[in-house]
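Add chain B to chain A, keeping to what the hints say.
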Amino acid sequence: MKKIVSVLLILAMVLSLAACGGGETGGKVTLDVIISQYGNYTQAWWTEFEKDFEAANTDIDLNVEIVSWNDIYSVVTTRISNNEQPDILNISGFADYVASDLLMPAEEYVSEATKENFIDSFWESNEMDGTVWALPILASCRALFVNTELLEGAGIAAAPTTWDEVLTACEAIKTTYGDSIIPWGLDISTDEGQAAFSYYTWNFGGGFVDEEGNWALNSAENVEAVEFIKTLIDKGYCNSAPYTDTRYPLQDAFSAGTLAMMIGPMNMISADSTVQYEAVNIPGLGIGLGVCDQLMTFKDPKAEEADPARTEAITKFYDAFYECETYSGYMVYEGFLPATEDASENLSKNAEKYTVGGDSGATGSSEYFATFCATLPTCSFYPMQKAEWMDVRNGVIDVEQKVCQGLTTAQEALDALQAQVSG
Amino acid sequence: MNKSAKIQSQKNGANSQTLQTMRKVEPYIWLLPSIILMCCMIMIPIVNVFRASVTEITKVGVYKEFNGLANYASILKEQTFWNTLQNTLIWTVVVVGVSTVFGFILALVLNVEFKGRKFVRALIVFPWATALIIQSVVWKYIINADYGALNALLYNLGIIDKYVNWTATPGAFFAWECFIGIFVTIPFVTFCVLSGLQSIDTSLYEACDMDGANFFQKLFKVTLPLVMPSLTVSTVLNIIYVFNSFPIVWTISKGDPADQTHTLVTYLYDLSFSNGKFGEAAAVSVIGFVILAVCASIYMIMTLRAERED
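For the record, the sequence lines run as chains A and B.
Under the working numbering, the residues of the first sequence are numbered 1 to 423, in order.
Under the working numbering, the residues of the second sequence are numbered 424 to 733, in order.
Be careful, since some hints might not be right.
Result set (PhoX-like, lysine-lysine): computed pairs, CA atoms no more than 20 Å apart in a straight line [to be verified]: (1) Lys235/A x Lys28/A; (2) Lys482/B x Lys299/A; (3) Lys386/A x Lys482/B; (4) Lys487/B x Lys299/A; (5) Lys28/A x Lys386/A; (6) Lys487/B x Lys302/A; (7) Lys585/B x Lys235/A; (8) Lys174/A x Lys585/B; (9) Lys316/A x Lys115/A; (10) Lys28/A x Lys302/A; (11) Lys299/A x Lys316/A.
Not everything, but these chain A residues come out facing chain B in the computed CB check (under 8 Å) [claimed, not checked]: (12) Ile80; (13) Tyr97; (14) Asn239; (15) Ala241; (16) Asp398; (17) Lys402; (18) Leu407; (19) Gln411.
In short, the hints are calculated from the structure, not lab data.
By construction, the Cβ of each residue, glycine as well, lies at the ideal position given by its N, Cα and C atoms.
With the rest of the complex left out, here is chain A:
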């Protein structure tokens, strides 16, 4: 009896280990896909997509795994270290994967129709050394959100359009409401401090790179911008822990009416919020931050050359995902902007056809999509296609934190970062 149990256990172990493998099983092509979690309901949408896709493509076994933004980089890196990278990955940034020779060029697997459908600027934003390495999955843009009621109560008639007006508005709010209202939301945490750097430097006339695309981190405009961030903290205009507060508690505070102004994404207001607000251009030059995440395809680590069956399955996956109805539905579901021509056009007219994720039953707004899709061309994007981007991203956060703590001056810190990146 013991022998039989032992044999059964060993068989079960062998079978379960065998099941761990990817690739082609039972004549089916298996595709492992990792998707970033954009909201509380991401899993539900992808489960439905997986079911529909497998029903339409019986020769493909699609495994979609949803991973939170907090964990996705560590999950993917650990899998790569163990040579178990997914077939398709949704993440932000691709240059490091290209540098490690892990990705397939997009032209090798995207059908002509799907490629033609991408908005040109999005398609080109994923180009590195003349090759496009990833596909834009969605976009969003950031603007200045102001609580109009609070501003009016403090005697400020209109949302600030210059940085001096920001300081004036903050002072008025602080004087009027005291500790009960935070005038300005600031996040220079390791979570998204690079976004803060973008908002201020771009709108002071600086930025990450110069016109030739070379790193220009220590420009006079950038120094002025970083010093402005320090002023906001020193004068007590922003939240008390900008080094550790991510934008999520700030968004909650804005939605609850305890924060008067903050720069944030277009979908930041919670559904049950009753605050009176408006979204306006970021003060200064009015340049918004465009965020565009990507889908990228990994080479098969177990094969020397690309397997045509796998490539075909990947093509089918992208065709199915970017199909106008499906993709439009996903954009409304998650509250982001589309990166394809037909979905942009469709959502600008018919967004009400699609449901927002969750149980609220709310539908999309064509007006919303028409407004924000039109705003996207004025947005600037992170220079993610540059190989040093990750170092620069972490570097500018470090600069902001050190300068605001008074450990160094903006000029010294930015000079050091520029030297490090250029060297």
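The following block gives chain B in isolation, referenced to the frame of chain A:
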């Protein structure tokens, strides 16, 4: 002895020899699954970390070639590493030291009979029984200057007239982290010491009373020497736990502002998963491992030697 009896006797001899060998081997067979498990779960990761510390690894985790001590050299010239090392030593000494003193005092109190003792004992277990990550998140919200419970409480009680920024400087952040570390560690020490206290024969105290010994004489001459084994175990385990503790520092500050509140564990996590410096992170891990092994060994040897001398 006839031939068949001789064969039978030889057979019996062989059987008993096999039995003896089996008896010798048997414990190892039973231990084998645990040894295999330990090798898989402990030794292989340790070996991998050592290997990673002498390997060039790309930002996305692809192993390249052996690069000798380059990762160590790169780390040792970073000022952040030395600040982090200093923080780690302060963090370990303060949290272990203070929690040991308070835990010991609390154990003495809980060893005395009083009404509601069981309830108090149960209450003290809570900080230890709750997940560290949950406690850290709760504390993060308590001390937040803008919407935290502490400011609201003090303000409503009229103790403060305006909200206080409890985490205005890196030092303040780190002090709070140490406080939370102490708060969650005290119960462990208390219960370790309490188990030692309960094993002390009460006749010893009666003898002391007869000899006219005061409270402190009884404490230093009887209690402390007899609970020393429990205290040693709790201190060594605490040094290891606290040195390697991740959730509190990561949840409260993530090592910020400007990497000034890191301990070695959060620093190596940040190096690897935020900065993509896996080789350097492995080097930090090895350095931490060596420091911990040396400190724990010295403490154990010293304590055991002292006990033997006693």
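Practice task
Please flag the earlier hints that this structure goes against, numbers listed from lowest up.
Solution key: Violated hints (numbers, rising): 1, 5, 19; every other hint is consistent with the structure.
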